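Q: From these two lone chains plus the hints, build me the complex, please.
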Amino acid sequence: MTASLFYLFAVGLLGASLFVVLNPNPMYSVVALVFGFANLAAIYFLLEAYFIGALQVLVYAGAIMVLFLFVVMLLNVQSDADHPSLPRVFRIGSWWFGALALVFIGLFLLLVGRSALALLAPSEVPPTQIGSVSQVGEALFTRYLLPFELASLLLTVALIGTVFLAKKKI
Amino acid sequence: MTSFTDSLIELLGGLAWVPENAAGIIFVTVSVLVALPVFLFMTLNAMVAVYMERKVSAFMQDRLGPMEVGIFGFKGGKRFWGGIGQTVADAVKLLGKEDTIPGEADRALFIIGPFILFGAAFATFIGIPIGYGLVISDFNIGIFFVIAISSIGVIGVILAGWASNNKWSLYGAMRSAAQMISYELPVGMSLLLVVMVVGSLQFHDIVMWQEQHRWFLFHSPFTALAFLIFFASGVAEVNRTPFDIPEAESELVAGYMTEYSGFRWSIFFLSEYANMAIIALMSAIIFLGGWLSPLGGLFRTFNLEQSWYFLEGPWWGVFWISIKAIALIFVMMWVRWTWPRLRPDQLMYVAWKVFIPFALANIFFVGIWELLLG
Numbered sequence: 001m002t003a004s005l006f007y008l009f010a011v012g013l014l015g016a017s018l019f020v021v022l023n024p025n026p027m028y029s030v031v032a033l034v035f036g037f038a039n040l041a042a043i044y045f046l047l048e049a050y051f052i053g054a055l056q057v058l059v060y061a062g063a064i065m066v067l068f069l070f071v072v073m074l075l076n077v078q079s080d081a082d083h084p085s086l087p088r089v090f091r092i093g094s095w096w097f098g099a100l101a102l103v104f105i106g107l108f109l110l111l112v113g114r115s116a117l118a119l120l121a122p123s124e125v126p127p128t129q130i131g132s133v134s135q136v137g138e139a140l141f142t143r144y145l146l147p148f149e150l151a152s153l154l155l156t157v158a159l160i161g162t163v164f165l166a167k168k169k170i
Numbered sequence: 001m002t003s004f005t006d007s008l009i010e011l012l013g014g015l016a017w018v019p020e021n022a023a024g025i026i027f028v029t030v031s032v033l034v035a036l037p038v039f040l041f042m043t044l045n046a047m048v049a050v051y052m053e054r055k056v057s058a059f060m061q062d063r064l065g066p067m068e069v070g071i072f073g074f075k076g077g078k079r080f081w082g083g084i085g086q087t088v089a090d091a092v093k094l095l096g097k098e099d100t101i102p103g104e105a106d107r108a109l110f111i112i113g114p115f116i117l118f119g120a121a122f123a124t125f126i127g128i129p130i131g132y133g134l135v136i137s138d139f140n141i142g143i144f145f146v147i148a149i150s151s152i153g154v155i156g157v158i159l160a161g162w163a164s165n166n167k168w169s170l171y172g173a174m175r176s177a178a179q180m181i182s183y184e185l186p187v188g189m190s191l192l193l194v195v196m197v198v199g200s201l202q203f204h205d206i207v208m209w210q211e212q213h214r215w216f217l218f219h220s221p222f223t224a225l226a227f228l229i230f231f232a233s234g235v236a237e238v239n240r241t242p243f244d245i246p247e248a249e250s251e252l253v254a255g256y257m258t259e260y261s262g263f264r265w266s267i268f269f270l271s272e273y274a275n276m277a278i279i280a281l282m283s284a285i286i287f288l289g290g291w292l293s294p295l296g297g298l299f300r301t302f303n304l305e306q307s308w309y310f311l312e313g314p315w316w317g318v319f320w321i322s323i324k325a326i327a328l329i330f331v332m333m334w335v336r337w338t339w340p341r342l343r344p345d346q347l348m349y350v351a352w353k354v355f356i357p358f359a360l361a362n363i364f365f366v367g368i369w370e371l372l373l374g
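Chains as they are written, first to last, in the working numbering: chain P, 1 to 170; chain V, 1 to 374.
Looking at chain V on its own, in the form it has when it is part of the complex (with noise of 0.2 Å):
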């Protein structure tokens, strides 16, 4: 199994201009190299799906969302796409507010407080495949990494909001906390059924599996409330509605980032997004088949010979991936726009009386179901 960085390191190690011995330049180059299309895609990813929400609010809501601003003088009119140039513009307008710091707040943390929370969303990035062998490093402990990594984040959230040296902000440093820790142990939960399934950490191998038997939204009911499981304690470490009580706006103004302001402030956001796009896209490779047609696996029940129709083919494989991701990023949207936000007793229980017992119990009963049908 080769990934991205393996096929760089080599190509580059091929190349006739590049001097013997020259390790630390390859890696350089490489390192950089492999963290631009992050960042860029951190970067796209948010300013797309700020304004997929807005117009999904806008459309929940009746309403016609950011319709004014265009780009490049293309405005869209009174479409779905009016208002497209939105997003760049609050993002330019972001980048170019004054960059306040509290003078009761404790300045270093308050800095570093948001690069925490956001590197840990990029190296998550790491760790994820968006296609077969599209995968920056492709480590043996694949799930395992990415849940190790993220769960560094909510370092950030506390330093930012003890940092902030504001109420408000402490209240929803200390609620992301007590929420982020109690909803890791679900989702870990929920994928270690999978893992037992497979018996793999790897993406690549969980993938594989599902190409040969079946996605695991359809292997057995536990593996589908696994992936129920999975999703909402997702949802909820990624901070949103109906989980979003660190940043309730109605009790706590704007939680842990109340005194945050421009570029800062945007770094939150980024990583909120990012967090998004991370758990959308490990549900559709671990439980949606990742990268497999649906086509394919569908005709494949019929005994089909392989053929163009199924859509399958490494390029298909993005494409598939990317849907199934920004479906599951729309049912996000869909259920924020739904549903009140919980209270934080309701957020507890929900976590540690529902979703633990329920993952663990479902960990017992998939093995039975495999020892007898497997």
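Excised from the complex, chain P in its bound form (with noise of 0.2 Å):
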């Protein structure tokens, strides 16, 4: 049951991801990544991570979507439609495609392998408590918590610097 699942919330994912870079008109794409990290999401619930599966769609599909399609609305993208061919780069048949597709595939291949192995490995956390509110909390607060402070400043250097380009007269 939850393997069907998983299977029909993945081809989901694939099929939404391809779309987005497939797609010539910008408009969809960004439609086609939420319905993306949706499935994303409910890989997550799946796995009875819930806290991260609702972070993934608070956080991406509720807040950084809505600025991608300001984005694209507000500055009027123009679709590619109208010259659709592509850079011939990407062009199917040049040996370009084929060598990145195969360095892709390899690094994909790779990545699976590695993930299987760890899940195959026995992990010392009960799997229900894999993602909860408390583990991702201590994690980020113990172990992580350089990175987290030094993401955090990251952010207030760019809501600075917002507010610097857009505030000129202060």
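None of these hints come from the bench; they were simulated from the model. Just so you know, not all the hints are guaranteed correct.
Simulated pairs of lysine-lysine, DSSO-like, Cα-Cα distance not exceeding 30 Å [claimed, not checked]: (1) V/Lys97 - V/Lys167; (2) V/Lys167 - P/Lys167; (3) V/Lys97 - P/Lys167; (4) V/Lys93 - V/Lys167.
Note that the structure is a prediction, hence the values are computed from the model and not measured.
A: Dropping the structure here:
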């Protein structure tokens, strides 16, 4: 049951992601990306990592995608549909494309293999606890405290920069 | 803690005529059995709430409201339940309307826009309990799930506004996006305070805590303030007057739904009233004791024995939570027909310079309060 649901959401995720990169219309790409994030959140839910799944929806689908939509809407990004020919590099049949595809497939297999091996190794945390609020909080504030604080510093810098750029008259 | 879905799965799995290893069949059956009541609830809620809204507005403006349409020959006459069939007739009319899509609109996005809004409202109901154990799925992150899923709805609004290819719609969509993103923050922060005190994100744990102590509205001055911030921001997130600048009819015709008609428009309407119900239910559960009886809490402070006149129990719980939610919905309507609309800059001012600083200070002070008195 869980396996078939996983395949359903995985196909949705892969399909949406492919649609994002192959579709010429940026608005459709954003919508497909939201759909992809929803599928990813569903996969997290299947793993009983509800907190991470909800974070995925709240942060990516709910907030960042809205900003993407804003940018695409307001900058009036032109659809590529009028000139459909892709750059030479991406044309199927060019040796470039084949080489690139091979590299990516190899990388993909490597990553999948690594995570499969990691799955086989017994975990110390009971499965229902992975991705719970307390687990995430503990990891963030002990082991990953420095990266966490650095990330918040980065956000603060970005925020100050935005205010500086937007409000020249202050 | 069992949920509605768990009990259904257990029930179906235990039936003699259900074959072994029929997980797929059980899954589909349970999904349908769970989804149908939610959909029915949303439809009924919209119909009843529209009738209530029209009657409340009529009462506030010293009118009669809808008086003509009866149901099954029952007209009600010149009393306050006159015109009881009005919303049923309206719904039938809406479904029979011609479905128009503007020629210059982006067809695909125009069609999926309302459904994203509807889907977000629909999925939110999964996590909201309406009684002890009466919840579709009992997540360990209850509140957070509801906030996360309801944040998706704004994407539907933006898409609808953009795809309509209409200036008013686009303005409405932009305002709506700015507003919903801004007011998500005070909502989250005022709930954070409750989570801090209870130490759990689950709705059940929050109500249990209130049963053992007291309702959050009366717990401390800071939680009372958090309730006000939460409720006001919730009303803003639902885009109702005085926060309805995305569909300000005097400037933007109908904002992001200008180009919609018939069935698609009714989906917007359904979602708006469903979101109202969500905000009312959440306020009732988190701050007003959920399915706890107010009499029980009152009598227990006088150390009285548990008795029938506490009006407590599973079915009384559903009654109490409905009463609280309906009262809050009435407050939303009251506010709508009393105050004029805010300007967009005033709206942003209220969110960023009033609600968010107060909500942040609130978190700090409630921590001190709990340390000293908790």
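Q: The structure should be examined with respect to each hint, and the outcome stated for every one.
A: Hints versus structure:
Only pairs whose Cα atoms come within 30 Å are accepted, and V/Lys97 paired with V/Lys167 is accepted, the gap being roughly 24 Å. With a CA separation close to 27 Å, the supplied pair V/Lys167 and P/Lys167 stays within the 30 Å bound. Our distance criterion of 30 Å between C-alpha atoms is broken by V/Lys97 and P/Lys167, whose separation comes to about 48 Å. Distance check on the hinted pair: V/Lys93 and V/Lys167 sit about 28 Å apart at the alpha-carbon level, within 30 Å; holds.
In summary, the structure is inconsistent with hint 3 from the numbered list given earlier, while agreeing with all the others.
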